[in-house]
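Undergrad: Sequence:
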Amino acid sequence: MASQWRSQLSVKAVDASAYPGIIAADKLVYPTSNGLTEAVLSRWFGKHPEFGLIFLDQATGRTVANCIVVALCERGWHLLTEGKVTESELDGDLLFDAARDDTIGLHVYHLEKSSSEYPQDVPRFGMVALDAIAEVLAALRRTRPPGRPLEVCGFSGLTVTRLGCSLFSNLYGCRERAYVCKEHLLLSEDGALEVHEAETQEELQRLLQPPSGGNGRGRTYVLRARMLVVTPDEPSLVWSAIPARA
Numbered sequence: 010m011a012s013q014w015r016s017q018l019s020v021k022a023v024d025a026s027a028y029p030g031i032i033a034a035d036k037l038v039y040p041t042s043n044g045l046t047e048a049v050l051s052r053w054f055g056k057h058p059e060f061g062l063i064f065l066d067q068a069t070g071r072t073v074a075n076c077i078v079v080a081l082c083e084r085g086w087h088l089l090t091e092g093k094v095t096e097s098e099l100d101g102d103l104l105f106d107a108a109r110d111d112t113i114g115l116h117v118y119h120l121e122k123s124s125s126e127y128p129q130d131v132p133r134f135g136m137v138a139l140d141a142i143a144e145v146l147a148a149l150r151r152t153r154p155p156g157r158p159l160e161v162c163g164f165s166g167l168t169v170t171r172l173g174c175s176l177f178s179n180l181y182g183c184r185e186r187a188y189v190c191k192e193h194l195l196l197s198e199d200g201a202l203e204v205h206e207a208e209t210q211e212e213l214q215r216l217l218q219p220p221s222g223g224n225g226r227g228r229t230y231v232l233r234a235r236m237l238v239v240t241p242d243e244p245s246l247v248w249s250a251i252p253a254r255a
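Basically the numbering used here = 1-based index in the sequence shown + 9.
Some hints could be false.
[What the hints assert, rightly or not] DSS-like cross-link-like pairs, simulated, lysine-lysine; straight-line CA separation at most 30 Å: (1) Lys-36 x Lys-21; (2) Lys-36 x Lys-56; (3) Lys-36 x Lys-122; (4) Lys-122 x Lys-56; (5) Lys-191 x Lys-122.
[Said to hold, decoys possible] Pairwise CB distance ranges, derived in the manner of DEER restraints: (6) Thr-209 x Arg-171: 23 to 31 Å; (7) Ala-255 x Val-231: 38 to 46 Å; (8) Gly-200 x Arg-151: 48 to 56 Å; (9) Pro-158 x Glu-198: 51 to 59 Å; (10) Gly-200 x Gly-44: 16 to 24 Å.
If you are wondering where the hints come from, they were derived from the structure by calculation, not from laboratory data.
Glycine is no exception: its CB is placed at the ideal position from the N, C-alpha and C atoms.
Let the sequences and hints guide you as you build the complete structure.
TA: Structure (structure tokens):
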């Protein structure tokens, strides 16, 4: 696949100049109260900016896609995918450090292409992104000292759009585990996307009921956020592209 897209797309590591655009794109699909900030991005990419993948059209030099991966140590990845910490809380010793860690967990925070500018004859971006992540891992593995291989413990994403759910469940073979996210994406009466947490059907029903004559909020249901996960012992296209062990 590399020869199919490398002739048209180039990849660069994220830097601070890209942060505002990433944050703006994230708010459009996941307007949570504890959302992405420049400080959070700076923490995530302080040691390993190469996991913030920015894709450029070689012909125009314009950004056409991005794949924002949070590289986590094994403990951090398990805490996140088990719902014990949130994405914005990932910090410090929960993040992957190549000098310290021999195992890495890959959490895709944001994956997006520009429908108008992504070259039509380039392979599906969901597969291109896996290929690019594999190249980052291969480069890291080449720097490892003898006797310290780098293994991948898992691959995950908190999906908040129908396209994201389809990509992670149908193409990547990821699925929900014991942790079931309670965040629901709803539309307000004026069409604004909102994120609400609902633990019970009664709480959700109050959000959906018309506001007239009661305590309803008049929201329209979109979907429930899902933490979707695949591990190396399970068959997946992820492991066809990204060797868990090398």
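Undergrad: Now, for every hint given, state plainly whether the structure supports it.
TA: Okay, the hints, checked on the actual structure:
1. Lys-36 x Lys-21: With a Cα-Cα distance of about 23 Å, the restraint between Lys-36 and Lys-21 holds, given a limit of 30 Å.
2. Lys-36 x Lys-56: Distance of about 25 Å is within 30 Å: holds.
3. Lys-36 x Lys-122: holds, 16 Å
4. Lys-122 x Lys-56: With a Cα-Cα distance of about 25 Å, the restraint between Lys-122 and Lys-56 holds, given a limit of 30 Å.
5. Lys-191 x Lys-122: Cα-Cα ~27 Å, so holds.
6. Thr-209 x Arg-171: 23 to 31 Å: holds, 24 Å
7. Ala-255 x Val-231: 38 to 46 Å: Hint holds: Cβ distance 40 Å, inside 38 to 46 Å.
8. Gly-200 x Arg-151: 48 to 56 Å: Hint holds: Cβ distance 49 Å, inside 48 to 56 Å.
9. Pro-158 x Glu-198: 51 to 59 Å: Between Pro-158 and Glu-198, where Cβ atoms are some 55 Å apart, the hint holds.
10. Gly-200 x Gly-44: 16 to 24 Å: holds, 19 Å
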